[in-house]
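Chain A is fixed; fit chains B and C onto it per the hints.
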Amino acid sequence: MRARFQIITQHDPDEIIALDAGLGFERTSGTVIVHIFTQRGRSIQDKQLVYSTLAQQLAEAGVDGGDLFVSYFEDGPEDWSFADGRAQYIEGDLPAPGH
Amino acid sequence: MRARFQIITQHDPDEIIALDAGLGFERTSGTVIVHIFTQRGRSIQDKQLVYSTLAQQLAEAGVDGGDLFVSYFEDGPEDWSFADGRAQYIEGDLPAPGH
Amino acid sequence: MRARFQIITQHDPDEIIALDAGLGFERTSGTVIVHIFTQRGRSIQDKQLVYSTLAQQLAEAGVDGGDLFVSYFEDGPEDWSFADGRAQYIEGDLPAPGH
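Residue numbers (the numbering used here), protein chains in the order written: chain A, 1 to 99; chain B, 1 to 99; chain C, 1 to 99.
Just chain A, same shape as in the assembly (with noise of 0.2 Å):
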């Protein structure tokens, strides 16, 4: 599966601020602001399952379950190009998800 389309910005810590909202989380200088956005269609069930498989997968590269913090934002298929200025999903290049 070809679809993975991620950018990386990093920054200083203290250009970073995640408090608990009074969770009782404790953040180290490592936390990880993942910031999701997507298509529309996913189940409240399928995004918990991204969060969780989310903390599982960067666990295993040393980030701490209290450092990463999760956002989730959703637009439709005619919001995507993804190369040569069409929108593919529009333009039958891709199958819209859940179609």
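Since the hints were derived computationally from the structure, they do not count as laboratory data. Here a beta-carbon is modelled for each residue, glycine too, at the ideal position from N, C-alpha and C. Among the hints, erroneous ones may be present.
Restraint ranges, calculated between C-beta atoms of paired labels, are given here [stated by the list, open to error]:
| no. | chain 1 | residue 1 | chain 2 | residue 2 | range |
| --- | --- | --- | --- | --- | --- |
| 1 | B | Gln45 | A | Ser29 | 37 to 43 Å |
| 2 | A | Asp46 | C | Gly92 | 38 to 44 Å |
| 3 | A | Asp93 | B | Gly62 | 45 to 51 Å |
| 4 | B | Leu49 | C | Thr53 | 33 to 39 Å |
| 5 | C | Gly30 | B | Arg4 | 33 to 39 Å |
| 6 | B | Gln10 | A | Ser52 | 30 to 36 Å |
Residues of chain C placed beyond 10 Å of chain B at every Cβ, according to the derived structure [to be verified]:
| no. | residue |
| --- | --- |
| 7 | Gln6 |
| 8 | Ile16 |
| 9 | Ala18 |
| 10 | Ser29 |
| 11 | Ile44 |
| 12 | Thr53 |
| 13 | Ala59 |
| 14 | Gly66 |
| 15 | Arg86 |
For chains B and C alone, kept in the frame of chain A given last:
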């Protein structure tokens, strides 16, 4: 309240283009763009209060009102994981805003 | 038209992963990801025109079509403050698009 989550990315002046939409603002090389990602549910009045409070507090820190640009994007309670790969609003660790 | 608002963040090649979704694009180390945040209201055809125009104009600046990835996220007129902590579309300083 321990609910502050911010990423600061610093840019050279030539990496930010923020014209005035014809409104006649003067922008300096100290333009600040605040890109808010948060949950649905705040009223228009609440949002106006966010913008005016931001302007007021940033003015105290030396940011000119003409240099402050804000955008606001919304998602839902299932779209946040504060730590440990859990969806805290969904799993009951945190009450969802407005509930 | 003085309505251009852009932030440019430069990345080392290993900070961007943009595979081809199985479509066979060749990406170079010069991949450009354009993340559009704007108001609701444009049609699918309008969006396709945005993508194709972007590709055309970036090609003139030396960006290969295979290196251009675009995403598009939408909000509403109450979600923008152009300066001074005011919501200009709401407070009547600017007509909301499409009205």
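Structure-based check of all given hints:
For the hinted restraint 37 to 43 Å between glutamine 45 of chain B and serine 29 of chain A, the CB-CB distance of approximately 38 Å keeps it satisfied. Our hint of 38 to 44 Å for aspartate 46 of chain A and glycine 92 of chain C holds, since their Cβ atoms are close to 42 Å apart. Look at aspartate 93 of chain A against glycine 62 of chain B: about 49 Å separates their beta carbons, and that is inside 45 to 51 Å. For the pair leucine 49 of chain B and threonine 53 of chain C, the supplied restraint of 33 to 39 Å holds, since their beta-carbon distance comes to about 37 Å.
Checked against the given bound of 33 to 39 Å, the beta carbons of glycine 30 of chain C and arginine 4 of chain B, roughly 37 Å apart, stay inside it. Checked against the given bound of 30 to 36 Å, the beta carbons of glutamine 10 of chain B and serine 52 of chain A, roughly 33 Å apart, stay inside it. Under the 10 Å C-beta cut-off, the non-interface status given to glutamine 6 of chain C relative to chain B is violated; the minimum distance is some 4 Å. The claim that isoleucine 16 of chain C lies off the interface holds: its Cβ sits roughly 15 Å from the closest Cβ of chain B, which is beyond the 10 Å cut-off.
The claim that alanine 18 of chain C lies off the interface holds: its Cβ sits roughly 20 Å from the closest Cβ of chain B, which is beyond the 10 Å cut-off. Every beta carbon of chain B lies more than 10 Å from that of serine 29 of chain C, the smallest distance being close to 19 Å; the non-interface claim holds. With a least CB separation of 20 Å from chain B, isoleucine 44 of chain C remains clear of the 10 Å interface cut-off, as annotated. Under the 10 Å C-beta cut-off, the non-interface status given to threonine 53 of chain C relative to chain B holds; the minimum distance is some 17 Å.
Every CB of chain B lies more than 10 Å from the CB of alanine 59 of chain C, the least distance being 20 Å, so the non-interface label holds. For glycine 66 of chain C, the condition that its CB be more than 10 Å from all CB atoms of chain B holds, with the nearest at approximately 24 Å. Non-interface call for arginine 86 of chain C relative to chain B: violated, since the shortest CB-CB distance, roughly 7 Å, does not exceed 10 Å.
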